[in-house]
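Participant: Residues per chain, in single letters:
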Amino acid sequence: MIGSRFRDFDWMLLGIVMVLSVISVLEIRSATEMTKFHGFQQKQMVFLGVGLVGMFVFALVDYHRLLQISYWAYGVSIVSLLAVKVVGTKVLGARRWINLGGGIHFQPSEWVRLILILVAARFFWEVVENGRDLSWKDIGKAFLLIGVPLVLVLKEPDLGTSLTYLPVLVVGLFLGGIKWKQAGILILGLLLLVGVGLASGKLLKPYQRQRLTAFMNPDSDPQASGYQIRQSLIAVGSGGLWGKGQSKGTQTQGDFLPIPYTDFIFAAFCEEHGFIGAIGVLLLYFLILVRLIQNAQTAADPPGSLIVMGIVGVLLFQIAVNIGMCVGLMPVTGIPLPLMSYGGSSIIYMFLALGIVMNVRMRRFVN
Amino acid sequence: MDMGGIDRREKLSATKLSVSQYVVAAVLVVLGCWLWRLQILGADQYRVLAEQNRVRKVPVLAPRGKIFDRYGRILVDNYPSVTCFLVREQQKQLETDLPLIAEGLHIPLEQIQATLRHFQYAPKYQPIPLKQDITPDEQAFIAAHRDDLPELETLDTERRLYPKDGFAAHLIGYVGEVSEADLNDERFAAYQPGDVVGKFGVEETYDQTLRGTDGSRDIIVNSHGKEVGLMGQELAIPGKDLHLSIDLDLQIAAERALEGKNGAIVAMDPHTGEILAMASRPAFDPNQFAVRLTSAYWKSLMDDKNHPMMNKAIQAQLPPGSTFKVVMTLAGLQENEAQDLRVGCNGGATFYGHFFGCDKHHGSVDIHNALPYSCDTFYYTLANKLGIETIARYAHSVGLGQKTGIDLPDEQAGIVPSEEWKLKTQHDKWYAGETISVGIGQGATQATPIQLARALSGIASGGVFVRPHVLLPGQIPSEQQSMIDQEFPGSGVAHISITPENWQIITDDMANVLSPIGTAAAAHLDGIDLAGKTGTADVVAGRQKNSSDKSTLPHSWFVGMTPRRNPDIVVAVLWEHGYWGNNSAMLAAQVIDTFVTKQRKGAGNLKMEEVAVPKIEAPKTVGSGDTVGAPSAE
Numbered sequence: 000m001i002g003s004r005f006r007d008f009d010w011m012l013l014g015i016v017m018v019l020s021v022i023s024v025l026e027i028r029s030a031t032e033m034t035k036f037h038g039f040q041q042k043q044m045v046f047l048g049v050g051l052v053g054m055f056v057f058a059l060v061d062y063h064r065l066l067q068i069s070y071w072a073y074g075v076s077i078v079s080l081l082a083v084k085v086v087g088t089k090v091l092g093a094r095r096w097i098n099l100g101g102g103i104h105f106q107p108s109e110w111v112r113l114i115l116i117l118v119a120a121r122f123f124w125e126v127v128e129n130g131r132d133l134s135w136k137d138i139g140k141a142f143l144l145i146g147v148p149l150v151l152v153l154k155e156p157d158l159g160t161s162l163t164y165l166p167v168l169v170v171g172l173f174l175g176g177i178k179w180k181q182a183g184i185l186i187l188g189l190l191l192l193v194g195v196g197l198a199s200g201k202l203l204k205p206y207q208r209q210r211l212t213a214f215m216n217p218d219s220d221p222q223a224s225g226y227q228i229r230q231s232l233i234a235v236g237s238g239g240l241w242g243k244g245q246s247k248g249t250q251t252q253g254d255f256l257p258i259p260y261t262d263f264i265f266a267a268f269c270e271e272h273g274f275i276g277a278i279g280v281l282l283l284y285f286l287i288l289v290r291l292i293q294n295a296q297t298a299a300d301p302p303g304s305l306i307v308m309g310i311v312g313v314l315l316f317q318i319a320v321n322i323g324m325c326v327g328l329m330p331v332t333g334i335p336l337p338l339m340s341y342g343g344s345s346i347i348y349m350f351l352a353l354g355i356v357m358n359v360r361m362r363r364f365v366n
Numbered sequence: 000m001d002m003g004g005i006d007r008r009e010k011l012s013a014t015k016l017s018v019s020q021y022v023v024a025a026v027l028v029v030l031g032c033w034l035w036r037l038q039i040l041g042a043d044q045y046r047v048l049a050e051q052n053r054v055r056k057v058p059v060l061a062p063r064g065k066i067f068d069r070y071g072r073i074l075v076d077n078y079p080s081v082t083c084f085l086v087r088e089q090q091k092q093l094e095t096d097l098p099l100i101a102e103g104l105h106i107p108l109e110q111i112q113a114t115l116r117h118f119q120y121a122p123k124y125q126p127i128p129l130k131q132d133i134t135p136d137e138q139a140f141i142a143a144h145r146d147d148l149p150e151l152e153t154l155d156t157e158r159r160l161y162p163k164d165g166f167a168a169h170l171i172g173y174v175g176e177v178s179e180a181d182l183n184d185e186r187f188a189a190y191q192p193g194d195v196v197g198k199f200g201v202e203e204t205y206d207q208t209l210r211g212t213d214g215s216r217d218i219i220v221n222s223h224g225k226e227v228g229l230m231g232q233e234l235a236i237p238g239k240d241l242h243l244s245i246d247l248d249l250q251i252a253a254e255r256a257l258e259g260k261n262g263a264i265v266a267m268d269p270h271t272g273e274i275l276a277m278a279s280r281p282a283f284d285p286n287q288f289a290v291r292l293t294s295a296y297w298k299s300l301m302d303d304k305n306h307p308m309m310n311k312a313i314q315a316q317l318p319p320g321s322t323f324k325v326v327m328t329l330a331g332l333q334e335n336e337a338q339d340l341r342v343g344c345n346g347g348a349t350f351y352g353h354f355f356g357c358d359k360h361h362g363s364v365d366i367h368n369a370l371p372y373s374c375d376t377f378y379y380t381l382a383n384k385l386g387i388e389t390i391a392r393y394a395h396s397v398g399l400g401q402k403t404g405i406d407l408p409d410e411q412a413g414i415v416p417s418e419e420w421k422l423k424t425q426h427d428k429w430y431a432g433e434t435i436s437v438g439i440g441q442g443a444t445q446a447t448p449i450q451l452a453r454a455l456s457g458i459a460s461g462g463v464f465v466r467p468h469v470l471l472p473g474q475i476p477s478e479q480q481s482m483i484d485q486e487f488p489g490s491g492v493a494h495i496s497i498t499p500e501n502w503q504i505i506t507d508d509m510a511n512v513l514s515p516i517g518t519a520a521a522a523h524l525d526g527i528d529l530a531g532k533t534g535t536a537d538v539v540a541g542r543q544k545n546s547s548d549k550s551t552l553p554h555s556w557f558v559g560m561t562p563r564r565n566p567d568i569v570v571a572v573l574w575e576h577g578y579w580g581n582n583s584a585m586l587a588a589q590v591i592d593t594f595v596t597k598q599r600k601g602a603g604n605l606k607m608e609e610v611a612v613p614k615i616e617a618p619k620t621v622g623s624g625d626t627v628g629a630p631s632a633e
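Which chain is which? The protein sequence lines are A and B, in order. Every letter in the first sequence is one number past the one before it in numbering that gives the first Met the number 0, and letter 271, counting from 1, is 270. Every letter in the second sequence is one number past the one before it in numbering that gives the first Met the number 0, and letter 274, counting from 1, is 273.
Simulated from the structure, these hints should not be mistaken for lab results. Do not take every clue at face value.
As the list claims (entries may be wrong) - DSS-like, lysine-lysine: derived pairs with alpha carbons at most 30 Å apart:
#, chain 1, residue 1, chain 2, residue 2
1, A, Lys-247, B, Lys-298
2, B, Lys-597, B, Lys-428
3, B, Lys-163, A, Lys-136
4, B, Lys-423, B, Lys-65
5, A, Lys-178, B, Lys-239
6, B, Lys-15, A, Lys-140
7, A, Lys-35, B, Lys-384
8, B, Lys-239, B, Lys-359
9, A, Lys-180, B, Lys-15
10, B, Lys-600, B, Lys-549
11, B, Lys-260, B, Lys-56
12, A, Lys-140, A, Lys-154
13, B, Lys-428, B, Lys-65
The structure presented is a predicted model; accordingly, all values stated were derived computationally and were not measured.
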């Protein structure tokens, strides 16, 4: 019965998520007030509404059914990513979007991530189910499974989104029972590969390399990439303990802080609400993540746990990279802050993921 | 898909799931610590940076003090002007904007690029001046492109408006950007690069008083440099207006007298030392300096062999010629050598085996007609009797060979030859024959118009010499006045004793120069007690009287005054290649006539509309649709 199932719905998790969403809407409003993006908070609210509906729908669909179709969905994902390459709309030099008409743009790479979480869960579940150790062959398959879409997205180019596929793989390998020795060899091998790639200059686009340089040394080019990091640091730092107040951030309102409603929304929030506000947001994220892990722990079966942990991995990765970027700990990669940054694809993806988590939770006592 | 065979009780490692909670906590704690570092420990530092980001100090330039004549008639005015600057701070793709900027501001693209190159090592925050005096059209262009050309900024300034045609240009001077060399000088310690500073004439001497103190506005800007608010401001203190001792009417008379000629005229009140008029030709246009000096104009000024950048009234050092005979007369009388001297002039005389010529056969000449005749033979003889040391002593006592101390930059000292001078400068001993030439103001003797005006009028005033100055007294604080006095050292105020008898003889002699027997008879003014002395300074050895080459003609001098004793005005005229001194006397008479006419009318000054200063007209700028008031009359 639907009614009884919703008794087990994680209302607390949803509550925390909604608090964060309200903060997000308010900050988007503040950050766009003085710009031509004025009113984006209303669009964000629409996205939230759509997300909520999607969440309830997904909560009702048995995640085992999703797992069943995951390989098919995976195939469709790869096709959609290839489609972007062909028919995608070019925005700022990158093909990431498919125009569906009616002003709706579809960014496949966001949805592909959700499918990857499902596919990875199914893949590693099958490994765990057989009760055997993770073989090098399994590891190779897992790499291929995640690696193909990752490279496709990387080539769009969209370094940020492609990087968010990595935690899916890492979480899968971790929970799938990778041995220390295997992990060590993998890490060494990857480091070597990245090193060679960087040295040959083919791995990163020039602008990506520039961002990296700017991150290592923000003053090397105060006008370009370093400018963004520098302005973000000034925004965060000048917020102080209590912040400058809603809509009173000079960095945010004076347009010094780049894109303060998407990638740098956390910096804008820090400037206007200070250390107190920032710690508050970190606490909300902590509660969400811990609550998700609890749901993974109480899941009825390994695939349920694997799905939820995949979501946790991606979420934590995005939070760490985005906030890390805003405070100067990470390079600029263009990864939005989940539940805070403005953007339909990001928000709706997030709520669909939550829907699956709810589904896992509601079925914890099933069978 | 069949899931029946799966053991759903089998769970993932509980430990691993617990560990992940610690990973989450660790990541968030690291971020929290970093936020602490930025927002608590670094808050002050970042607040300063945030302020620097959004608050920009914009200078508010103090309007420079205006300059008036002694009766408050305007000589130098200001007009509002708008300057366009290029701000490089937030600009990333400046190069691509340049063609549009060039078109909108009507500047050749290459010129903008050259300007940028010139400033390429200047700090980024320093705005680059692109164009001064921009037109309403250009201002509209900048306003219309606020968003796509945010690097363009305008600044309201007041610019100098000088009289046209170089009227009183050397006296007034001009302003320009302070040079790098100046900035290293401690006198310019308070100046910033880009500051406008007086560089010549009164503008230079009284720069401190005229310039005022610039203020500033702290404006709030966004990242595009657009002004969105005002934080605070420091008002500019306008420069102080100055009144010169110049009488505009006499200045006009002097400028008119020099029209089409090269040379200088200076008029002074011998009682006070106040300069009443000072003109020098050829002149330059100070307005060209006030906006932007083109290198072509500068080159033309530098290449002109008539020296337009020289204030000849105080800088031209030439042999005084026969004007020096007044000093000789003084020396001869005071030394009791001239009273009974009688010389027969037959067109010259021989001294030390060398023949020295005279213009005419004057016949029997004594102290009463030697000066009016300007008889060389008489003064050769007198010089020979006095000797060079006595001559030099008297020349020095009337202020020759040293600066007068006038409050204008770069005055020249002239030369009074003597045994000591020759030993020092030429490492040679003095030959008695040289004394003979000095007796008629030739040889190595050199003097400036201002020196001769002071010397001859001082003698006519019974031995009372004043310090010439162009500023009416009482306008600047006394300590600043004494600083300026020290900055311009010179003979200053001096007094020598002349016996009343000698004084009468000399002054009567000078008056007779304008009598029918005198060399300046043609300059005689009916009903005016005019006195003076003509002079001729040879350009080349031997006068080329009939040469058609004007550049070999001698320079013509005249120093005239009225009345003959204790004169109220002295006028010195130097007319380069003007030939006979009489020619200069005609020019001096024009100025003196103006003076006396005014004096008799009892009017302090003519009405504004009666004054014909060359019209000064401001370039068309926004807010100055009507041109700035200039003393003008058609």
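Participant: For each hint, tell me whether it holds in the structure or not.
Facilitator: Tested hints:
no., hint, in the structure
1, A/Lys-247 with B/Lys-298, "violated (56 Å)"
2, B/Lys-597 with B/Lys-428, "violated (52 Å)"
3, B/Lys-163 with A/Lys-136, "violated (94 Å)"
4, B/Lys-423 with B/Lys-65, "violated (46 Å)"
5, A/Lys-178 with B/Lys-239, "violated (87 Å)"
6, B/Lys-15 with A/Lys-140, "holds (22 Å)"
7, A/Lys-35 with B/Lys-384, "violated (98 Å)"
8, B/Lys-239 with B/Lys-359, "violated (56 Å)"
9, A/Lys-180 with B/Lys-15, "holds (17 Å)"
10, B/Lys-600 with B/Lys-549, "violated (40 Å)"
11, B/Lys-260 with B/Lys-56, "violated (50 Å)"
12, A/Lys-140 with A/Lys-154, "holds (21 Å)"
13, B/Lys-428 with B/Lys-65, "violated (53 Å)"
Violated hints, in rising order: 1, 2, 3, 4, 5, 7, 8, 10, 11 and 13; the structure is consistent with all others.
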